[in-house]
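These protein sequence lines map, in sequence, to chains Z and R. Per our numbering, numbering of the first sequence is gapless, rising by one per residue and ending at 161. Per our numbering, numbering of the second sequence is gapless, rising by one per residue and ending at 241.
Just to be clear, a hint being listed does not mean it is correct.
[Stated by the list, open to error] What follows is a set of in silico ranges between Cβ atoms, one per label pair, in the way DEER data are often shown: (1) K123(Z) - A117(R): 31 to 39 Å; (2) P46(Z) - N218(R): 49 to 57 Å; (3) A51(Z) - G221(R): 48 to 56 Å; (4) V219(R) - T48(Z): 55 to 63 Å; (5) N91(Z) - I197(R): 47 to 55 Å; (6) K144(Z) - S115(R): 28 to 36 Å; (7) N218(R) - S55(Z): 35 to 43 Å.
[As the list claims (entries may be wrong)] Listed next, the stretches of chain Z that the computed footprint assigns to chain R, with coverage defined by at least 3 CB atoms under 8 Å from CB atoms of chain R: (8) 65–76; (9) 102–115.
These aren't lab readings, by the way, just hints derived from the structure by calculation. Remember, it's a predicted structure, so these values are computed and weren't measured experimentally. The beta carbon of each residue, even a glycine, is placed where N, CA and C say it ideally should be.
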Amino acid sequence: MAGRRAALKAIDWLAFAERVPPNQRGMFNALKTRTDAISAKLASLPETPAAIDWSYYRSAVAKAGMVDEFEKKFKALQIPEPVDTQTSNINAQEAEANKSAVAYIEASKARVATYEQELEKFKNMIPFDQMTIDDLNEAFPETKLDKVKYPYWPHKPIANL
Amino acid sequence: LNHRFPLFASGSLKSSGPIGAGLVQASRSLQTSSQSLAPVPPLPEYGGKVRHGLIPEEFFQLLYPKTGVTGPYMLGTGLLVYLLSKEIYIINHETIAAITIGTIIVYGVKKFGPSVAAFADKLNEDKMAKAQEAKDVAMSSLTQAIENEKKEQWRVEGRAMLFDAKRNNVAMLLETNYRERLHMVTNEVKRRLDYQIALQHLNRRMQQEHMINWVEKNVIGSITPQQRVIHKCFSDHLSND
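Same shape as in the complex, but just chain Z (with noise of 0.2 Å):
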């Protein structure tokens, strides 16, 4: 019986459920209620089932050697161990929501920079009361007057002033 006790890892749910963003709340709940139904099922069995009395049997049934034949064929039982045909899915699962969470992490990573950057750019930027025109029109570029859209004053349509 090698791989019957597979051990059972201690799972630190208050920890789980930090991580858990709100959206995926209602599918954690599930799998939370899923297991405590599995972990009570299977509390509630005792691991090894009672031992039969073969000495009381012996001596009360009268068939002879009816008693022996069973204990020796009881004794002489392998009884299958449950074939596990999930874990390797559940493993691929997991080979997948490590590729697409390292993109993930990338492609935050690449937002975490671009983000940084224009702060960068706004700490960086002299105080407004300092700026000229040009100054602000370097700043931010949607201030810039499209001088030649607009020839004329104000260099925007009139229902933008």
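Dock chain R against chain Z, hints included.
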């Protein structure tokens, strides 16, 4: 090109008054590369100081060592008297017009100047406040976005726990199944043995009952009519007493 022309550079007192300003102007206009003055010093907020709205303060400072406080005024008065007496400047109608209009202008500016200035400054302040607010909002939203991204990264790190939970579930299910099988085997064997014992007990009991019935039947059948009469006499006799 972005020319910055502070009219009277307050910092450059080395060269003499108005002429010096012109020199500074000329030298500044020749600086075409944009790298030499970075970071650009902020523009002076107020122009050079002037006395009586016309004459720069540097002139008075220039004459102070030689002639004291009243020197430039004496110079001015002497010049004016010279111009009038020698009729280099002739008083005519334009003079009266200039004096009256000048008086009104000076009075107007002195009275309403500060409030108009405050109004214009307020317009500018509002614009700047809006720009500053936009900048603050942008900065705070950026920091918030960075925080959120970091938080999401932290969340992703916990993905192993999900798969551990799943594997645990699978292991528990397997274990449960295995134990159920064990229990089933034991119970079945016990049931079979108990059945044998129950069968034996049933057999024994049936044999006993059958024998009892048979013995009873035989005994009752073997009571002869004689014995029956005697028995009836006994019972009558006993009941009569």
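Hints versus structure:
1. K123(Z) - A117(R): 31 to 39 Å: holds (33 Å)
2. P46(Z) - N218(R): 49 to 57 Å: Taking Cβ atoms as reference, P46(Z) and N218(R) lie about 55 Å apart, which means the hint holds.
3. A51(Z) - G221(R): 48 to 56 Å: Hint holds: Cβ distance 53 Å, inside 48 to 56 Å.
4. V219(R) - T48(Z): 55 to 63 Å: holds (56 Å)
5. N91(Z) - I197(R): 47 to 55 Å: Distance hint for N91(Z), I197(R) holds at roughly 51 Å.
6. K144(Z) - S115(R): 28 to 36 Å: holds (34 Å)
7. N218(R) - S55(Z): 35 to 43 Å: Since the Cβ atoms of N218(R) and S55(Z) sit about 41 Å apart, the hinted range of 35 to 43 Å holds.
8. 65–76: holds (count 4)
9. 102–115: n = 7 at 8 Å, threshold three: holds.
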